[in-house]
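Taking the hints into account, I'd like the entire structure generated from these sequences.
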Amino acid sequence: MFEGIFTGFQVAFSLEGLVFVFIGALTGTLIGMIPGLGPITAIAVMIPITYGMDPAFAMLLMAGVYYGAAYGGAASSILLNAPGESMSVPTTFDGYPMAKQGKAGKALAIAAIASFVGGTISVVLLTLFAPFLARLALSFGPAEYFALMLMGLMMISSFSEGSTVKALISATLGFMIATIGIDLQTGTRRFTFGNANLLEGIDFLVIALGLFAMAEVSSLIFERRQSGNYTSKLGSLRLNGEEVKEMTGPTLRQSLVGFVIGVLPGAGGTIASFLSYITEKRISKRPHEFGKGSIAGLAAPEAANNGASTGSFVPLLSLGIPGSGTTAVMLGALIVLGVQPGPLLMNEHPEIFWGVIASMYIGNVILLILNLPLIPYLSRILKIPRPMLISLIIVFCVIGVYGIGFNTFDLYLLVFFGIIGYFMAYFRFPAAPMLLAFILGDLMEQSLRQALTISNGSLWIFVEKPIAFSLLLISFLTFIVPLIRNWRRKQLTKKLERNG
Amino acid sequence: MFKSANKKIAVFLAILAFSYIIASIRLPAYPYVPVDSDAVPISLGFILLILSILLFFVKDNHQRDKKLPKKEIAVILIALGFVLVYIMLFEIVGFVIATALFILTTSRFLGYRNWLSNVIVSISVPLVIYLLFTQFLKIQLPQGLLPF
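Chains L and A supply the protein sequences, listed in that same order. If you read the first sequence in the working numbering, its first letter stands for residue 1, the second for the next number, and so on. If you read the second sequence in the working numbering, its first letter stands for residue 1, the second for the next number, and so on.
All clues stand as given, with none of them false.
Stretch by stretch, here's where chain L covers chain A in the computed footprint (C-beta under 8 Å, at least three residues):
(1) 10-23
(2) 27-34
(3) 47-53
(4) 73-81
(5) 84-94
(6) 101-113
(7) 126-140
Don't read these hints as lab results, they were simulated from the structure. Using N, Cα and C, we set each Cβ at its ideal position, and we do this for glycine too.
Next comes the structure, spelled out in structure tokens:
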């Protein structure tokens, strides 16, 4: 293992490694700052740049974008009260009030330090935990893989905001889109409508950029007039001893919580940051300060969401299974580069496995440096006029998609999925389960059929194998438990109403 | 009958699921595998069918956002039109010219008033991207009418 870490640091500390981590972290921060644009868009827009790059360096770049976007999201939450995505919503609760009190600089400093601590604690745990899980996963057969992926999908659906039925519909549709193209086992053409462009299926970048970036662009269009009015006076970034003392406890606690939640499939940053905010408020000695500019209330969600962002790399790197929409895009990026993540990654491509992990130590330091002294300059990106920003984002989406197959058919598909993404957002269908199901779809179908080939068509294989069976049981429960709880709550309210 | 949005969407999804199942059943059979290529799609179709029935009976428990004013819908449709024209021109006139025109017109249409900086951005951004992609990243973008 130490040999692996050593290889990783060699990659990450090479000149190119440092440059790519820096570029990634910087772009991630900048894109993440723009309200409405989240990490999925940030990563997807950067993917075309990595075509033809060495996969190890490409991954360093993407990882930099990924956690850079998590840092950047805090800035727009604090300065504009406009979170880039749901995971930085709790940051606005206390960050924006602080900015209004003229303490924007302090708020940014607290967010940056809490993010740094969350990210760093999490990466240490990732270093210890990922290889262990990868070794365990080596014994997994197709039945276990299928069950594991199903569990990830079920969990992301039951954890997503709003109706679980809608989330499951999104996931099913995503899986259906994945079945388009030539079937790998039999060579049958499925749902191609005789169109040669669909033989290889739809590229994940089309879906990711369409469902997320293009749909986000349309909401930016509606809000195009709200640019530029942010507090440009940041005030001092310096924290005094008392403030540091107040943030220490919540930051350390919630970094750990964030990591654990991040490792769970389907959970991720949003749940981590909300949960951490609620728990800190509950255990705080001064809960009345929460929502009015509490330091603990700002530090907790930032530590937790960065902890979770890093934690979700555990299943991605060791099992090859993303637990969230964002890591699903990372998986897609890896596959584009010709790398299949999974338990074998650690042994077959130690430079990628350990390079990414090592780069996160450096990335967090770079981000702290970027975010503390440079934040007043970086936050100027918020001044770019919205109309210009909108057209530039569309151009980046178009370039990215064109680079996949060099034909305009994919571009029309991009627009098509942009429209679907827009309607999904309008009718409150979460898009992340669709993206995750689309990316896992192929693998899930292959492993299901392999498992059934082994068992000669008998479904008993999923019951006989203890790991597969317990994973399936968990996925079943994550779906059933909320339904029963809802139903019982309804019964209770009915009873209460009846009794007056 | 279809009062809420959920019910309309549910019916639409049920029709989709149904046609998907039909299309899956009609896939050619391949006799040498225990699980043929239609098994997963057929199951997915039925899952979607069940979910759409569930959706039909689920209440819309969130308040619908304020309806968008007609003018805003027009804005987004016209912007969509610009994107489609951009894609059509993409391979014909080439990346640089199509992109320059797209940025210029779309930014102006969405309310960017400063002509001078709009022109500067519209010309410099596509040129820089083009050179970056074709020279450094070795990814070809359509050259179109330009000589380089």
